[in-house]
Each structure stands twice: as C-alpha cells, then as structure tokens.
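> Quick note on the working numbering: the sequence shown kicks off at 22 and runs consecutively.
No wet-lab data here; the hints were simulated from the structure.
Everything numeric in this text was worked out from a predicted model, so none of it was measured.
Note that CB positions come from ideal geometry on N, CA and C, so glycine has one too.
Okay, the calculated beta carbon distance ranges per label pair:
1) Ile-134 to Val-189: 15 to 25 Å
2) Pro-77 to Leu-98: 44 to 54 Å
3) Arg-186 to Glu-129: 29 to 39 Å
4) Lys-195 to Ser-163: 29 to 39 Å
5) Ile-134 to Pro-77: 40 to 50 Å
6) Glu-124 to Leu-177: 30 to 40 Å
7) Pro-103 to Lys-78: 58 to 68 Å
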Amino acid sequence: MAEIRTTLYSKELQKQIFPDNSFYKKSVAETGVADTTETVEKPVQTPISKAKEGKPKSLPLEIEVSTDTKKTYNTTLIYCQPLLIDSQSELLTNYSKRQTKQEQQAGEMNNKIAAYAAYHWSPTKSTNILKTTGDARKSNISGLTSNRKALTKDDLLTLHNLMMRMNVSGIGGKWYGMVTPDQYSDLLKVPEFVDY
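Whenever a hint applies, use it, and build me the whole structure from the sequences.
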C-alpha cells in the first residue's frame, strides 16, 4: 500500500505565499484628462444619453430604447490544462487532492490574468504616464544598470491630482498601486505614509 504523505504547508499559509492579484477586478479604463475625457463602455453596450437639466420639452419624457448593436468582440482565452485525479489518488491522500489541485490551477490562472491586465491596461497616453522625480539611485531590476529616480510624496500627490481630473476619485473603496521593491522602500522614507 502506498505511504500516506502529509501536505507540507497549510492552506492558510499557501494562500499567503502567492501575490494578491485582485487589483484587476478594481480597474477602470484609461481616459483622457479634462476636456479630452473619453467615455469607455463595455464592448457590447451602447452608451447612454447624458443627464440633462432644465425644463423638458414635453411630459411624460420619451422613452429611449437601449439596443446593443455590437454582437461580437475579441477576447483572450486564459486556461489551464485539465487534470485527471483518479479515485485511488483521492483516497490515498490525507487531504482533498482534487480541491487542492483546483485551487492551484485557479491561483495560476489568477496570476496569468493579473499579468495580462497589468501589461495591456498600462497607460498609453503620454499625459497619463508620470515619471518619478526623487533622487537618483541604482535600479535593482534584473538586466538594468542605469539609475532610477526615487518615488516621492510629491509624485503621489501629482498622481492623485491626475486621477481626480480623470474623475477616478469618485470611485468608492480603496486605491491600489503596484510598486517595485525599491519604490516600496522609497515610500517607507515618507513619514506620513508609514503606519507603525
């Protein structure tokens, strides 16, 4: 009979080892600033009419029919290969092998989706790309030897101002940002941002 082996990590610890990639579920589409703001709708939805003020021409108001004319759009399929877990494998382990493998695959897909979103949703308009302005320091990113400017409080205030002009500040909840280890160290040097 096969030897029963224990899982060497707890389910709670396993979830903490991997990054939290839920940021992509809280994203907004890139828009321009101020008078160049663009309305970005979901791929198959038609835009709604804007809110109006003043006295309407007639009452009751005329009803608009919302008809989605676009029926197709491109998607990127992200998947994992199916796994077969036979009954013997399930019975000879002291944990739910099927559930563990499904959670591992879900985590792998979540990482892939997050990487895809981070790459494809990065800003493309030059006015939406802000550069750091702090003191020059060496980059610790593999393959790069040049200096990088540190992240400062003023950089984040400039970013916050840009987000407000893009009307992103009206979105409820927390704001998220992805920073490199060096940028995280820069943030720890800003006394107002450190909460011990």
